[in-house]
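Listed below are the residues making up each chain.
Number of protein chains: 2
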Amino acid sequence: MGSSFSDSKKRVLNLFFEPQSVAVVGSLKEGYFGGYVVIKTMQNAGFQGKIYPVNPSYQEVLGLKVYPSIKEIPEEIDLTIIMINRRSVPTVMRECMEKRIRAVIVVADGFAERDEEGARLQNEILDLAKRAGIRILGPNTAGIVNSANGFIPDPYEPGYKKVKPGSVAICAQTGMINPQAFPYGDLHYGVSKICDYGNKCDVDECDLLEYLESDPATNVITMYLESIRHGRRFLDISKRVAAKKPVLILKSGRTQEGAKVSASHTGALAVDDQIFNAACKQAGIIRLEKFRELFELPKIFSLQPLPKGNRLGIVTFTGMVGVLAIDEGAKYGLSVSRLSPEIADQLNSIFPGLGKPVVDIGPPMAVNNYMTIYADILKTILLDDNIDCLFNVIWTSPFKEFVNEYLKFYETLQGNDQKTIATWIYGPSIPLINEMSGRMEDLGFPVFSDLEMAIKALGISYQYSNRGKGEK
Amino acid sequence: MGSSFSDSKKRVLNLFFEPQSVAVVGSLKEGYFGGYVVIKTMQNAGFQGKIYPVNPSYQEVLGLKVYPSIKEIPEEIDLTIIMINRRSVPTVMRECMEKRIRAVIVVADGFAERDEEGARLQNEILDLAKRAGIRILGPNTAGIVNSANGFIPDPYEPGYKKVKPGSVAICAQTGMINPQAFPYGDLHYGVSKICDYGNKCDVDECDLLEYLESDPATNVITMYLESIRHGRRFLDISKRVAAKKPVLILKSGRTQEGAKVSASHTGALAVDDQIFNAACKQAGIIRLEKFRELFELPKIFSLQPLPKGNRLGIVTFTGMVGVLAIDEGAKYGLSVSRLSPEIADQLNSIFPGLGKPVVDIGPPMAVNNYMTIYADILKTILLDDNIDCLFNVIWTSPFKEFVNEYLKFYETLQGNDQKTIATWIYGPSIPLINEMSGRMEDLGFPVFSDLEMAIKALGISYQYSNRGKGEK
Chain A
43 MGSSFSDSKK RVLNLFFEPQ SVAVVGSLKE GYFGGYVVIK TMQNAGFQGK IYPVNPSYQE
103 VLGLKVYPSI KEIPEEIDLT IIMINRRSVP TVMRECMEKR IRAVIVVADG FAERDEEGAR
163 LQNEILDLAK RAGIRILGPN TAGIVNSANG FIPDPYEPGY KKVKPGSVAI CAQTGMINPQ
223 AFPYGDLHYG VSKICDYGNK CDVDECDLLE YLESDPATNV ITMYLESIRH GRRFLDISKR
283 VAAKKPVLIL KSGRTQEGAK VSASHTGALA VDDQIFNAAC KQAGIIRLEK FRELFELPKI
343 FSLQPLPKGN RLGIVTFTGM VGVLAIDEGA KYGLSVSRLS PEIADQLNSI FPGLGKPVVD
403 IGPPMAVNNY MTIYADILKT ILLDDNIDCL FNVIWTSPFK EFVNEYLKFY ETLQGNDQKT
463 IATWIYGPSI PLINEMSGRM EDLGFPVFSD LEMAIKALGI SYQYSNRGKG EK
Chain B
43 MGSSFSDSKK RVLNLFFEPQ SVAVVGSLKE GYFGGYVVIK TMQNAGFQGK IYPVNPSYQE
103 VLGLKVYPSI KEIPEEIDLT IIMINRRSVP TVMRECMEKR IRAVIVVADG FAERDEEGAR
163 LQNEILDLAK RAGIRILGPN TAGIVNSANG FIPDPYEPGY KKVKPGSVAI CAQTGMINPQ
223 AFPYGDLHYG VSKICDYGNK CDVDECDLLE YLESDPATNV ITMYLESIRH GRRFLDISKR
283 VAAKKPVLIL KSGRTQEGAK VSASHTGALA VDDQIFNAAC KQAGIIRLEK FRELFELPKI
343 FSLQPLPKGN RLGIVTFTGM VGVLAIDEGA KYGLSVSRLS PEIADQLNSI FPGLGKPVVD
403 IGPPMAVNNY MTIYADILKT ILLDDNIDCL FNVIWTSPFK EFVNEYLKFY ETLQGNDQKT
463 IATWIYGPSI PLINEMSGRM EDLGFPVFSD LEMAIKALGI SYQYSNRGKG EK
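Sequence order for the protein chains is A and B. Each residue of the first sequence is one higher than the one before, starting from 43 at the first, in this note's numbering. Each residue of the second sequence is one higher than the one before, starting from 43 at the first, in this note's numbering.
Pulled out of the complex, with its shape left as it was, chain A reads as follows (with noise of 0.2 Å):
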């Protein structure tokens, strides 16, 4: 089923990924956007390749020599980023024809997005491209980051270095998912590869799924869609890599008027919303349903293993949040587990009262040795059988060193693969909230922003887990 991913289409798409010297033709003026971010921003991440900045006005930048022009660069270039006026794209990509260059991103924007003479101009490029076998990223894309060789040519300034790397491949038909828009180092998020594939003029969605079906730094894909190329090939390619790695797809233009501005500001004509959803069940894609969801429900996959079964189990200091989790888990077939008889004698000999379905750490927290309690309690819920995934809440006070005890204690959970665990962390103080999740995650715990979106990603890596085994 499908066609397979023929060994040159994929050297050809990992030069997008993996090139080994690029040349940058565009302004090399300082600034928040031009060749001479990405330049910067590629050395700043520690990218090893060669950089050929082009551009016919200077003739050094960044400690790197300048030049004229595409073809007076003297090696082999595996990649061409361009990010000029429009109307001289097409004089560039000629030059990248003749200089045998095999992928180039178009990061220039006005093409079909803006406007009929836009349009005409992503035509030309295209069949320039075809002719010469040159595949196209873009126009109108922010283009891609390797979080393993620090291949980030972001064409606008992010304010960090580095993308912490990670399993998580993030694809998109904008740029709001590069390094200038998502706080990538503020959340700790670790990526393996991101790709706005903007207008999609060549390079599209089917293309990117068999290129990441293959790559072995990511686990889970998750993609924003506003338009399908090829609806055959897009249900044929899904429905197999869906069966190897999860693939969350976050899809607009749901309504007439929502696909009507759509296509215009990708120039593409989007798809019928109920067709979609049928396409998404036969393939086993997760869709989503909001923006943030793009970023926050793969980290379940990422960091934690797949649950065994459906029987959740749930750590909250308010009864409120367990009577609120129980509601939301049922939408996921998630099922509130009963204790088994001996952990919740265990857990009522920790503290009186504590081993029941919902387990409330309130009143254990106001003793004082609340850490050893609190550290207790979590290992021997994670040792019950009755239990498949773990919904942990926790509450920062507005004191560090509470922070640092929980962290310590969450070192001493590092290899534990049975049980699938998303933590919500609550508390009056956003700084520490969030510096704790950015650590937590570093730990491999995945951390939510919402107690419904722990409970989501719960369900859902339930529902991966449980593919093909007949619905709940």
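Among the hints, erroneous ones may be present.
Since copy identity is lost for identical chains, a pair holds within one copy or between any two.
Cross-link-like lysine-lysine pairs, in silico, BS3-like; alpha carbons within 27 Å at most [stated by the list, open to error]:
1. K302 - K350
2. K71 - K421
3. K442 - K206
4. K442 - K82
5. K107 - K82
6. K442 - K71
7. K287 - K461
8. K373 - K302
9. K107 - K141
10. K172 - K442
11. K92 - K204
12. K302 - K461
13. K286 - K373
Note that these hints are calculated values from the structure, not bench results.
Could you slot chain B onto chain A? The hints should help.
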């Protein structure tokens, strides 16, 4: 319809929020929890009423004389806060009776929410109270906040001193809304009153609705409920109140499992969810779906005027957000508006191509005098008679000077009361986003954590303004 809120009842309820003299019965040991914290928190917040600590083991605490028992206090007491072992609460209640105290907050837990003995004790104190005409808030409550007079008797250390005055009243059957749990300080979140009604053995959601109905400091009421004590009374009162001020309710216990756990942790019976839903519709209550909404959605009512219609304007720096916003807006009957021709022309003359239904400020963001253009764009749109409400998306660069420029511009927008504006800030630096959000809300412009939340805020604001005019 419904019973009117009698003056004497109101006077007693008022003692909970505006006491002139407060007795605090509990531990006076320095720490994270207890009477010491209650007193310190009130002092920090500038509470001007008299405070009488009660504890037989102390002479003085935090500069205040400590009394061995309530009856030793030589002056009249408006309110007593009790935070001692549950078994001793009836004794203190008897002292309150003798002292003719009318209002008591029982912070102590371990009552109907814990076990049979607790349920018996709860009945005992309730009986005592009824005989003496005392009103009880709780037991099992984190108490009250009145931002206007510094009455913030939080039993847990919140880590910050002030709660910013605002017009949102928040009530819940949980302490998760109180300052030790929710980051009012970091968020610059403005409230009028906060009340955790705990087990609500006496003072309940109906009392609070009636009290807040006539509270001039409160313009919007948001409430978390697990159970409703008197269905008919609730329906009558909420209908009356919702006609004057928006009433937003999050109710859990939707599923059978959830309802069961809810009953066990508050000791109250839950209500059938479908009946509750119908009641909300009838009463004009805005029903919430997620915990976070409890805090976020009221901001649109407290800070912005109601929209005069359903015509949605969108300013975004990327097309994707426009499409998602249109899809989302359709859920609430919002319709993306075609700009009026003069305004579209003006926008196009500021920057070519801007004058579309979704105003994409992405292209002008790349130009040098961007902030001047931005100010012109936003002010022009706000003049359009074709727009009732505006979803404004701001990208924060990683640079603080941008934030300051945005804020300087927003200052000039203060006093706009023609359109409802909801803002979403997105960018690579979380500290800058947080800072900008807080400062924008200080200026009166609510910022939402999600694009979907911002649209929902506009949506329910439109629906509330349109109530009784027939559904769209």
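Hint by hint, here is what the structure shows:
1. K302 - K350: This pair counts as between: shortest inter-copy Cα distance 26 Å, intra-copy 43 Å.
2. K71 - K421: Classified as neither: same-chain Cα gap 56 Å, cross-chain 31 Å, threshold 27 Å.
3. K442 - K206: Both, since 24 Å and 24 Å are each at most 27 Å.
4. K442 - K82: between (36 Å within a copy, 20 Å between copies)
5. K107 - K82: within (14 Å within a copy, 65 Å between copies)
6. K442 - K71: Classified as between; 21 Å across copies, 43 Å inside a copy.
7. K287 - K461: within (19 Å within a copy, 46 Å between copies)
8. K373 - K302: Between copies only: 17 Å across, 32 Å inside.
9. K107 - K141: Answer is within: at 19 Å inside a copy they meet the 27 Å cutoff, but 88 Å across does not.
10. K172 - K442: Neither way: K172 and K442 sit 58 Å apart in one copy and 44 Å across, limit 27 Å.
11. K92 - K204: Result: close within a single copy only, 19 Å intra versus 55 Å inter.
12. K302 - K461: Answer is between: at 25 Å across copies they meet the 27 Å cutoff, but 44 Å inside does not.
13. K286 - K373: within (25 Å within a copy, 35 Å between copies)
Of the numbered hints stated above, those contradicted by the structure are hints 2, 10, listed in ascending order.
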